[in-house]
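K.L.:
Chain by chain, the residues:
Protein chains: 2
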Amino acid sequence: MNIDKANTAATEKMIEARAILVGIGKALDVIPGMRENLLLHAGPPITWERSSGPMRGAITGALIFEGKVSNEDEAKALVESGEIELEPCHHHQAVGPMAGVTSPSMSVYVIENEVHGNRAYSNLNEGYGKVLRYGAYDEEVQTRLRWMEEVMAPVLKQAIESSGGIDIKALLSEALHMGDEGHNRNKAGSILFLKALAPHIAKVSESSQTTSEILAALGDNALAVLNPVMAACKAMADAAHGVEGSTIVTTMARNGTDFGIRVSGLGEQWFTAPAQIPKGLYFPGYGDEDANPDIGDSTITETAGIGGFAMAAAPAIVTFVSGKPQDAIDASMEMYEISFTEHKAFTIPAFDFRGTPTGIDLRKVVELGTTPRVNTGIAHKRAGIGQVGAGLVRPPMAIFEEALVAFAEKYGI
Amino acid sequence: MNIDKANTAATEKMIEARAILVGIGKALDVIPGMRENLLLHAGPPITWERSSGPMRGAITGALIFEGKVSNEDEAKALVESGEIELEPCHHHQAVGPMAGVTSPSMSVYVIENEVHGNRAYSNLNEGYGKVLRYGAYDEEVQTRLRWMEEVMAPVLKQAIESSGGIDIKALLSEALHMGDEGHNRNKAGSILFLKALAPHIAKVSESSQTTSEILAALGDNALAVLNPVMAACKAMADAAHGVEGSTIVTTMARNGTDFGIRVSGLGEQWFTAPAQIPKGLYFPGYGDEDANPDIGDSTITETAGIGGFAMAAAPAIVTFVSGKPQDAIDASMEMYEISFTEHKAFTIPAFDFRGTPTGIDLRKVVELGTTPRVNTGIAHKRAGIGQVGAGLVRPPMAIFEEALVAFAEKYGI
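Same order as they appear, the protein sequences are chains A and B.
Residue 73 is where the first sequence starts when you use my numbering, and the numbers rise one by one after that.
Residue 73 is where the second sequence starts when you use my numbering, and the numbers rise one by one after that.
Please note: incorrect hints may appear among the correct ones.
The list makes no distinction among identical chains, and a pair is therefore deemed to hold if it is satisfied within one copy or across any two copies.
As a list, the in silico EDC-like pairs of lysine to aspartate or glutamate whose alpha-carbon atoms are at most 20 Å apart [said to hold, decoys possible]:
| # | residue 1 | residue 2 |
| --- | --- | --- |
| 1 | LYS275 | GLU285 |
| 2 | LYS396 | GLU246 |
| 3 | LYS351 | GLU361 |
Simulated from the structure, these hints should not be mistaken for lab results.
Quick caveat, the model's predicted, so the values are computed rather than measured.
Bound conformation, chain A alone:
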């Protein structure tokens, strides 16, 4: 069996995939397998019992949003009774930042990979402060979610259609030359996104007041494009999945309790172990003792060759996640060691436009004892609070070792 050949095939698909934002739809209408009593969440499968505070908070908030419960106890009862089911976003071609909780009536971005025909989905970004994805769920959170759903989403949907689709891969290529790494720093990408949509928003919106509010909401949110970017990376990673004999990691995701990976040549099997606490910078008044373990599907960015892997493109990110600009250079250099190849569309100016390290090779991770680097936000460990900082984290080595053992068994090596 030729693993290198399989990995070449998988990474070529990942790199050649395109990712066009073609529309917005209700999760229930557009996400495959979505149903009335289902909530999607970040990371590998999880139960209420094993869920962390922010995941429980986000589930509660989503069920309040759906009008099914009014508090956390009722949410717990509904989920534990089995009346509401939980499944990973990743089982439905979807991804969500932090808790990633997506309920049937929420609007989601629709990304189409025009090269391989697959689609991917992600919910809308709420911005900063008290937000559902970090486990906050009070009236402030609900009000914003309703505004996004009732006011913003219908306009964005029409604006995207009016634009003829937005090439998120091209946007990312450009943003990496503007100091973004595409995961924790999406400052340039978010205003490139605003730039692409703004004329269409003005055209389709029914009132100038609404236009103004939506332009402000997108422009003031330096993570506005994170969700379409994640769905774009999901479309790329999915294109690389299912290649017989490939050791390329095609999923990395955390649910706030476990960190899980899946591998191109190992089908739908998850390899999981306890998620770690990120190291980074905390907002005033918070510290390590407040931090929840690593959470979110946003590691799909590193899986697709950006985020922590492209940190050298974003030296200014260290003001947010701690460290020196040289650490950003070192992070990308280290990731070349565990990656199978280099990206063709995502390049790093400081490295003379070398492609970003792309396609995490299970074999190299285990051989070198080097796990992927991940940039991430940090959630408070209790439900209802929200973000407390941002930093860096790595997955547990055990999951790569287990996956490699499973690979050896499956392929009789």
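Starting from the structure of chain A, add chain B where the hints point.
P.N.:
Structure of chain B alone, referenced to chain A:
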């Protein structure tokens, strides 16, 4: 006499100056000394006879715009008769990119330095293609100028007022962390400008169609913010001007024929010599033989510590001006050698957030034989054509030597 003390005073003023975009007004109404029969132009003083092709083209276009002539011959006659007068933008607290021709009824941005109370002005940016500032003047150019004047400027004026003013210095600080150097690369800055204005444009504009057109015009123009940035730099440089005993260069400007400088401690005297042809990359079908000598007031950016001096912040600019990312690093490193100090607000992530080299010291330029580096666009040498490329250029050494001689004479050194 303590030159270092004088230079400290001058550069502190330059660095501490603020630059708030407070409004837009007709040149005739807001620029000090502007009058009906006056055209402002880039660089040191020039006559029609000594003007280059793009300068003559821009003068012609501005006079057509004013309804005073219908072709180049008429423009020549009007200017040579003395009926229309030419004076440098720099004599009127103003700056203009490339030919920089500003006529009485054109709208200009108004920048206020709230620390020292001085104001600075610059015209509106036309975008790419056939544009007045590169010496094109046909109906396409006129149509765009009229649209800018009649449709865009009134809305931008109200939007700026509605915003309460836009801090261009803060915008620049941010843009330097997003891959801009602020002169030839204003990609991030221009969409930060769009982001700041967009909600206000939607609010004040009378039709959604106009809103959409203006958002597209700003968003599609990666130089949209260049003119406010130049006026901001002018406000900073002017704050540093007129410090007795200072060898800091406070003006560098080219009219397409001559390169001129002025020095803080030497009053209004220009030191000039023939401008050089930039070296760079040409658009398809053009080459060195088409290039006009260096032209424009945009060297005010380098004068204020950005542009070529901040190139290390913008490694991706080499795809536009030629060279390797390492050349961008080297350019900034070299400029530290001829600069008096480092900026406090403008920093370079790749240099561990070291301030940009700021305050060109006449003494160091002459002593080291190192002239400032300038990023620039390249105009076709004939009137009526437009931009043919972009590249790098340096001022002639002679003007620094002459200025130093004049300094020694004035101060009896």
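K.L.:
Take the hints in turn and mark each one as holding or not.
P.N.:
Checked hints:
1. In the homo-oligomer, the alpha carbons of LYS275 and GLU285 lie at most 20 Å apart both inside one protomer (14 Å) and across protomers (9 Å), since each shortest distance falls under that limit.
2. For the homomeric pair LYS396 and GLU246, the shortest alpha-carbon distance between copies (18 Å) is at most 20 Å, but the shortest distance inside one copy (24 Å) is not.
3. Proximity of LYS351 to GLU361 under the C-alpha cut-off of 20 Å is restricted to the intra-copy arrangement: shortest distance 11 Å within a copy versus 57 Å between copies.
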